[in-house]
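Counting from 86, one number per residue, gives the positions in the sequence shown under our numbering.
Careful: at least some of the hints might be erroneous.
What follows is a set of in silico ranges between Cβ atoms, one per label pair, in the way DEER data are often shown [stated by the list, open to error]:
| id | residue 1 | residue 2 | range |
| --- | --- | --- | --- |
| 1 | VAL117 | GLN204 | 39 to 47 Å |
| 2 | GLU421 | GLN345 | 29 to 37 Å |
| 3 | GLU647 | ASP725 | 51 to 59 Å |
| 4 | ASN277 | ARG252 | 22 to 30 Å |
| 5 | GLY406 | GLU584 | 49 to 57 Å |
| 6 | LEU603 | ALA705 | 57 to 65 Å |
| 7 | ARG215 | VAL183 | 43 to 51 Å |
| 8 | GLU605 | GLN643 | 52 to 60 Å |
| 9 | SER600 | ARG489 | 47 to 55 Å |
| 10 | GLY406 | ARG252 | 36 to 44 Å |
| 11 | ARG388 | ASN277 | 46 to 54 Å |
Computed list of lysine-lysine pairs in DSS-like fashion (alpha-carbon distance at most 27 Å, straight line) [to be verified]:
| id | residue 1 | residue 2 |
| --- | --- | --- |
| 12 | LYS824 | LYS721 |
| 13 | LYS300 | LYS331 |
| 14 | LYS751 | LYS721 |
| 15 | LYS824 | LYS751 |
Note that these hints are calculated values from the structure, not bench results. Glycine is no exception: its CB is placed at the ideal position from the N, C-alpha and C atoms.
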Amino acid sequence: MSSGVGPGSASWTRLLVRRGTPFAALAAIFAVQALADAQSVVAFPLYLAVVLVVALQQNRAESIAVAAVAAMAVLVRPIATGDASEVAPAVLLAGVLVAVAITMTELTRHMRNAASAEQRRLDGLVASERRLRATLESVDVGLGLAELDGSWIQVNDRLAAMLGRGRDAALQVTLSELARETERSDLEDGLNLLRSGDVLRWSAELDLARPNGGKLPVDLLVARLPGAAAGDGCLLVQVVDISARKRSDALRDCAAAMRQVILAAGGVEAAMPQLLAALCGYLDWDAARQWTLEPDRQAMRARCASNPNAVSTATVRSGAGLVGRVWQSGVLAAEEESVAFPILDSGEVIGVIELISDRARTPADDEVTMLANAGVEIGQFIRRSETTQALRRSEADHRAIYERSPIGIARISSDGEMLEANPALLHMLDHDEARMRASAWPDLLRAYDQAAARSHKPSFLAGVSDGGSIQVRAATGAGTWLWLQLTATPIPDQSGRPEHVLVLVEDVTAVRETSDRLAEALESQRDANANLEKLDRTKSEFLSIVSHEFRTALTGIQGFSELIRDGGLEADEVRAYGGYIFNDADRVNRLIGDMLDLDRMESGRMAMRTSDVDINDVLAEAVSRAVPSAASVEFKSDFDPRLPIVAGDRDRLIQVVSNLVNNAVKYSPEGGMVTMSSRVDGRYALVSVTDTGIGIPAEEIGHVFERFRRVRSGAAQSIPGTGLGLTIVKQIVEMHGGKIWVESAVGHGSSFHFTIPLAPEDANAMQLRHG
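Required output: the full structure, derived from the provided sequences and hints.
Here it is as structure tokens:
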């Protein structure tokens, strides 16, 4: 058989017994009924019992077969006896047996199906329970079931581990007892809401209380599961460990808070208590201390603490204790209830921060990294603060120098705009800063550029590189003038390009005035020396010329006198020699007269006899006087017949013209020509005396009117003269209110021109003289 059941096997035997027993029972009942000669109705209950038992225990076919046999057993006796009164009831009973068999078979089948389904459901529930338990134990969150009153039904190992207890110990505490006392009331309020049905789920972040006094940050979710009846149910509890996230958030927030303190604090003294408080507050340490190096760098002392209880006056040496070991090694170290990390600046330990807890704790790796970075940032902050303080002290010193300096100081932009000026400069120029910026500084800048241009230096905006000084003259607000010395020095930026210009302004008026007076004195002394030298030269020239003129004249007088004294001369010779003596004496007399006239003119003692003078007559008389002694020279006159009368001293004007004519004759070659002209030139009479003589060198023209000045070049050196004539001429012309000048070129003769004011019809003599 495919089922593996065959004759002779134990299963076959059990099958035969199970199937044959009902029939054997029916046979036994029938035998008893026959022996007792009982009616079928009497044996019916026994037949019915067998049918019911078979219907309940065996399948439908077997049940119907047993029922059919039982029905036949009920019908046998009535049919055999032929008693019609028993047949009908027997048939009814037989039908009942078959009907009961069929009915009970169906009921049994349904009951078996229902039982099988229920068993399968129970098996599924068991499997689900096993899977749920496996799930509860395998998830990385804490899960548990609790009654509505908060007592635990079941917790997984993860939740028990979070609670810091074993599973059995965890079941002994209530749900509300899990929270720390500070948060327990919030948890109880949430459970009350779940019990009342106001909410079906409640969640919160809180700290679980652990038996060792520690705490565990968790995300707690409690959901109410419905029960079979109203008011029944239980609580599903989910607990997620968020300590890593909380720690990460705390580390991040702590680092951010410390950076904010570093950015906002004015210095280390103000920032350090806040930094220590941030470490304690965010990282859940009970106290913190800052240790710094002593001045001798042989020990460390606690300088700052997060609270009074952490203050310490002790010192530690390198390598001693936790702080000393961190100082020595330069790396973070921890003990059971404390941790210390170094404050580093460029790799050098300049301090240590010690964190203290009231319970044992071990810092995680991310906390170690954060503290190490914090030590570097705090070290950099301390160094920056020290540098900033040094810069502030330096700036304060420079500001004090700037404000109190007796020298004016101005800071100028690269565009030439004044940025600021110190009080000394404002006081010096008597301006406020607004006026100084608006007008006084631009004036100084222009004066600087003008002085720089005169000194062949670059302008202010062209760039100052040598820090040289320039002196300028400037007006103060009060209207006084000062000499200022400006010294400009460029202030470069980080790239080395000039960003500002620092200008030092010093009042050098007194120095400049003293220097000017000294320069004037030196110039006066030089002029005096030059005048003395000139006077000395003039004296020498005067003595030379006068002695020469006198000696020449006296020699002639003496020689001709000796000839006359010796006798033997004809009368004509005596008259001729007498004439020579007279001429020499007259020359000496003129020389003496010229010197006396010049002295009177320069001293202002010469009197002018002013009258109406016809300048053409003066010119004609001068020519007539010169003609007898100038036979070798031709005279030419070009007089303006309409020339108005001039006001002057006729004798002095004749002296002027005669001197000019005599000079023209004296310096003209034989056959030369002397031209005299007159004409009107505005309000003046213009007189010119022109010769065709040797001329005057260009370098001598400016000196011809100086006393004792004679042309020293060429043939002019051999022509006699005192050098006083032209000087006297210039003095007389200027005393008349006119002017004299010369035009000449070597080899082309000379032209002397002078002007005399015309006489107004209504002018008196004094007005004519100075008009």
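Each hint tested on the structure:
1. VAL117 to GLN204: 39 to 47 Å: This hint holds: roughly 40 Å between Cβ atoms.
2. GLU421 to GLN345: 29 to 37 Å: This hint holds: roughly 32 Å between Cβ atoms.
3. GLU647 to ASP725: 51 to 59 Å: 52 Å, holds
4. ASN277 to ARG252: 22 to 30 Å: 27 Å, holds
5. GLY406 to GLU584: 49 to 57 Å: Because 52 Å falls inside the window, the suggested range holds.
6. LEU603 to ALA705: 57 to 65 Å: Taking Cβ atoms as reference, LEU603 and ALA705 lie about 58 Å apart, which means the hint holds.
7. ARG215 to VAL183: 43 to 51 Å: Taking Cβ atoms as reference, ARG215 and VAL183 lie about 47 Å apart, which means the hint holds.
8. GLU605 to GLN643: 52 to 60 Å: With Cβ atoms ~53 Å apart, the hint holds.
9. SER600 to ARG489: 47 to 55 Å: Violated: the Cβ-Cβ distance is about 28 Å, outside 47 to 55 Å.
10. GLY406 to ARG252: 36 to 44 Å: 43 Å, holds
11. ARG388 to ASN277: 46 to 54 Å: 51 Å, holds
12. LYS824 to LYS721: The given pair, whose Cα atoms are some 23 Å apart, holds under the 27 Å limit.
13. LYS300 to LYS331: Measuring from Cα to Cα gives roughly 12 Å; hence the hint holds.
14. LYS751 to LYS721: Holds: LYS751 and LYS721 sit about 16 Å apart, inside 27 Å.
15. LYS824 to LYS751: 23 Å, holds
Hint 9 alone, counting from the list given before, is not met by this structure.
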